[in-house]
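Q: Sequence:
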Amino acid sequence: MDIIANKSSGKGKGAKCLAAVTAFLDARGIPHTVYETHCTGHGKALAERLCAEGAQTVVALGGDGTFHEVLNGMDFSRARMGLIPAGRGNDFAIGTKAASLDPQTAIADIVRGEHKDLDYIQVGDKRCVNVAGTGLDVEVLLKTAKSKNKLTYVASLFRCLLKYKPYRVEVTANGQTSTHDCIMAGVCNGTQIGGGIRLSPVSHPDDGKLDVIVMEKPKRVPTVLVMPKFVKGKHMQKPYTHHIVCDSVRIVTPAPLQLDGEIYYDLSFDAHIVAGGLKTFCPSIHNRISPNDEK
Numbered sequence: 045m046d047i048i049a050n051k052s053s054g055k056g057k058g059a060k061c062l063a064a065v066t067a068f069l070d071a072r073g074i075p076h077t078v079y080e081t082h083c084t085g086h087g088k089a090l091a092e093r094l095c096a097e098g099a100q101t102v103v104a105l106g107g108d109g110t111f112h113e114v115l116n117g118m119d120f121s122r123a124r125m126g127l128i129p130a131g132r133g134n135d136f137a138i139g140t141k142a143a144s145l146d147p148q149t150a151i152a153d154i155v156r157g158e159h160k161d162l163d164y165i166q167v168g169d170k171r172c173v174n175v176a177g178t179g180l181d182v183e184v185l186l187k188t189a190k191s192k193n194k195l196t197y198v199a200s201l202f203r204c205l206l207k208y209k210p211y212r213v214e215v216t217a218n219g220q221t222s223t224h225d226c227i228m229a230g231v232c233n234g235t236q237i238g239g240g241i242r243l244s245p246v247s248h249p250d251d252g253k254l255d256v257i258v259m260e261k262p263k264r265v266p267t268v269l270v271m272p273k274f275v276k277g278k279h280m281q282k283p284y285t286h287h288i289v290c291d292s293v294r295i296v297t298p299a300p301l302q303l304d305g306e307i308y309y310d311l312s313f314d315a316h317i318v319a320g321g322l323k324t325f326c327p328s329i330h331n332r333i334s335p336n337d338e339k
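Using this note's numbering, the letters of the sequence shown correspond one by one to residues 45 to 339.
You may find that some hints are simply not true.
[Stated by the list, open to error] Capping the alpha-carbon separation at 30 Å, the derived lysine-lysine pairs in DSSO-like fashion look like this: (1) K55 / K170; (2) K160 / K253; (3) K160 / K170; (4) K160 / K51; (5) K276 / K187.
If you are wondering where the hints come from, they were derived from the structure by calculation, not from laboratory data.
With the hints as extra help, turn the sequences into a complete structure.
A: Structural data, given as structure tokens:
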């Protein structure tokens, strides 16, 4: 078993999770090799190399950014990808229940070896496991990255909403094109972003569909006043929210994109679902996605 670990993820959570995982494997005599990431893109390069060398299981230990990098380096014809959440937000794991937040439970599920196939989003030549977006979410990510006092995503969202100006996007899906004065447009496989903001509470990562969420500026109330509903996922039926279910979508936007929280400046927003493309492992029964869960 090969483990690609971002020890600095989650303000040190990565190192603690890695210690718990290796202790679990050592106690059971399970062979494993740990590869630590040291810079942007290192996780992708490691995954590419390990798959080329014949790895059968490549475990990503870190936050959604680490999952994003490893996903983009995987050759799923050769190997499966294990998920051990160790970030600050862990939005994909929490929102989809794709992996346990307890590192020893997560590694035990991988060792048990029950296969599970999830979807991912293909955007140009990039893969995305959770949410691809443009607009306010990119602005917030840039603000939090530059903040010296490490504003939380929600605090930065509030500040950005006070002065954010919508811009025009063109959305083409299911053979129809529409234009919107957009605050945010998200193409979703997972349900949440920013450490718990439920952008697309209806999404399921194994339904073979994209959920496109386009939020416009409210006409009768200040935008900032809708934030509590947005955070809690209560915005879906509001007139300023447009929801499209599709296999593929093209969004023409003047703004940069974010994929799993990583910013891309020169990537066209042409996305399609890769149904069952993420070859991973089934979580413990108490953590599995249930058809009776809220949609």
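Q: All hints are to be evaluated individually against the structure, with a verdict given for each.
A: Now for the hints, and whether the structure bears them out:
| no. | hint | verdict |
| --- | --- | --- |
| 1 | K55 / K170 | holds (27 Å) |
| 2 | K160 / K253 | holds (17 Å) |
| 3 | K160 / K170 | holds (22 Å) |
| 4 | K160 / K51 | holds (26 Å) |
| 5 | K276 / K187 | holds (22 Å) |
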